[in-house]
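Colleague: So the chains spell out like this:
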Amino acid sequence: MMSPTEEDFELELRALPGVVNMGVRYSDKGDVDAVSLVVQGPDAATVRVVAKQIVSLYFPSATISIEEMKTIAPSNTATTLVMANRITLVRADFNSHVGSCEVHVTLNGRIGIGHSKNGPLIGGAEATLDALRHLDLEVPFYLVSSINIATSRGWPVIVTLRPTFNDVDRLGIAQADTELLSSAKATLSALNRFLDRATSEA
Amino acid sequence: MTDLDIATDALMASTAATEPWLFQAMIEELSTSELGLSFIYTVLDLLAKRYDLTDAIVVLNHDALAVQEFRLGGRAVGADYAHRIGREPGVYCEPDVVPQAERDAVRTACQLALSMRMARFTASHDALTTIANRRTFDVALTNSTVRAARYGWPFTLVLIDLRGLKAINDRSGHEYGDRLLRSFGFALRVCVRQGDLAARIGGDEFAVILNNAEGNEANAFIERLRQHIVSEGETIEFTMGTATSPRDSTDPAELSRIADARLYAKRGIIHQ
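In the order they appear, the protein sequences are chains A and B. If you count the first sequence from 1, position 18 lands on 18 in this note's numbering, and the numbers rise without skipping. If you count the second sequence from 1, position 128 lands on 128 in this note's numbering, and the numbers rise without skipping.
Only chain A is shown next, with the shape it has when bound in the complex (with noise of 0.2 Å):
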């Protein structure tokens, strides 16, 4: 079991801006002996410095690694654990002005935009399946419901998928930030394994 101290050495390095994942390695005695770090985005060498900082201050005889992730695509290598492919939300807005929806999907290097007038609740699902087609790909599914979860902290999205064909509804949840995200982002949640089998193929 870890310490309380092991526990918030590891908290303070993964609040550091950018830092995707990190390891330890143990010496014989239990020691900690070694940090890996896995770092994204412009300020990786900022967080070297700080990490190592911390790291010293912590086990100041332990070694760091750092590794940056880069933001080239990922190899083909395909694996049972991961998904070569994948649709990726890029971002979501609301313009309040007019009350439309615009989100935005990546699959493959080429963006998706998909529109909606209703709201980032409902518009926020409807963008995205809209966002999809926008790939080209065909969503036999369509919007049954998109709901938020307002007896917690947050609030959940939970958005019903009916298939056009005869099957079970897809249901999928999510929590980020506004409304809308969480409503996009369950939205690719509910399609998960149909999205696995479509980027597959595309």
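Worth double-checking, as some hints may not be accurate.
Said to hold, decoys possible - Computed from the model, here is a short list of chain B residues facing chain A with C-beta under 7 Å:
1. L37
2. A64
3. L65
4. G74
5. R75
6. A76
7. V77
8. H83
9. G86
10. S172
11. H174
12. D178
13. F186
Hints in this document: simulated from the structure, not taken from any laboratory. Glycine included, every Cβ here is placed at the ideal spot set by N, Cα and C.
The hints should help you fit chain B onto chain A, whose structure is shown.
Modeller: Same frame as chain A, now just chain B:
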């Protein structure tokens, strides 16, 4: 009850019915400590044993940490691997044999553990400098004065005021001012001894509790701090006031007032 307590109860009630092994893990963790990062690694380990996995990664999201990956055995994920997994929260297993419902339950339990741990961390630490915050300092000061009164264990309270921070912020921007504060917080952490406490108790005010320390130890600390700041090439100016318990007082508020008065007296000399 806090929101997190309520969420824990609700999660445990649902987990008990659907994933008894996960429920058991939560019970065992809660019987010895609170849910934290340790629990996340324990659950990944249990999941790996349960399905004979060679690898398991849970991707979680938190406002303060952004998206974070935690891997079986506390190993780093590696940049290429992390890139291929993507940033979508979930549980990724090798081989891919774990039912989706069980992955969802694991992810939810781990998310809760991360949220609870972060809540504890942010409740006791200053967000900018990551040293102790005012709340932690107040508790530590009370405890130290109680020990000083009861057992005669001496300690020195050092109050520190950074000079000219407002002018620096106005002249060079808040980003630069924040960097100075972080540097100073780090300098305090480097210079205190194990068992001492450094805290940020206000915008440009810091405090240090030097346990089992009177005049000489406090002076040595102040000298270490000055030397460290000079060696780092920083141009941070500060004023200090100290008070020692039980000699000056065994009342935390009184001790703070004495240290504060000495700090202001020094500041007055500087201004003159």
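Colleague: A separate judgement is required for each hint: does it hold in the structure or not?
Modeller: To see whether the hints hold, each was checked on the structure:
1. L37: Because about 5 Å separates B:L37 from the closest Cβ in chain A, which is inside the 7 Å limit, the hint holds.
2. A64: For B:A64, the interface hint holds, since the closest Cβ of chain A sits about 6 Å away, which is under 7 Å.
3. L65: Holds. Min distance 5 Å.
4. G74: Holds - the Cβ of B:G74 comes within 7 Å of chain A, reaching about 5 Å at its closest.
5. R75: 4 Å, holds
6. A76: 3 Å, holds
7. V77: It holds, given that the least Cβ distance between B:V77 and chain A is near 5 Å, below 7 Å.
8. H83: 5 Å, holds
9. G86: 5 Å, holds
10. S172: Since chain A brings no Cβ nearer than about 17 Å to B:S172, farther than 7 Å, the hint is violated.
11. H174: 16 Å, violated
12. D178: This interface hint is violated because 13 Å lies over the 7 Å limit.
13. F186: 6 Å, holds
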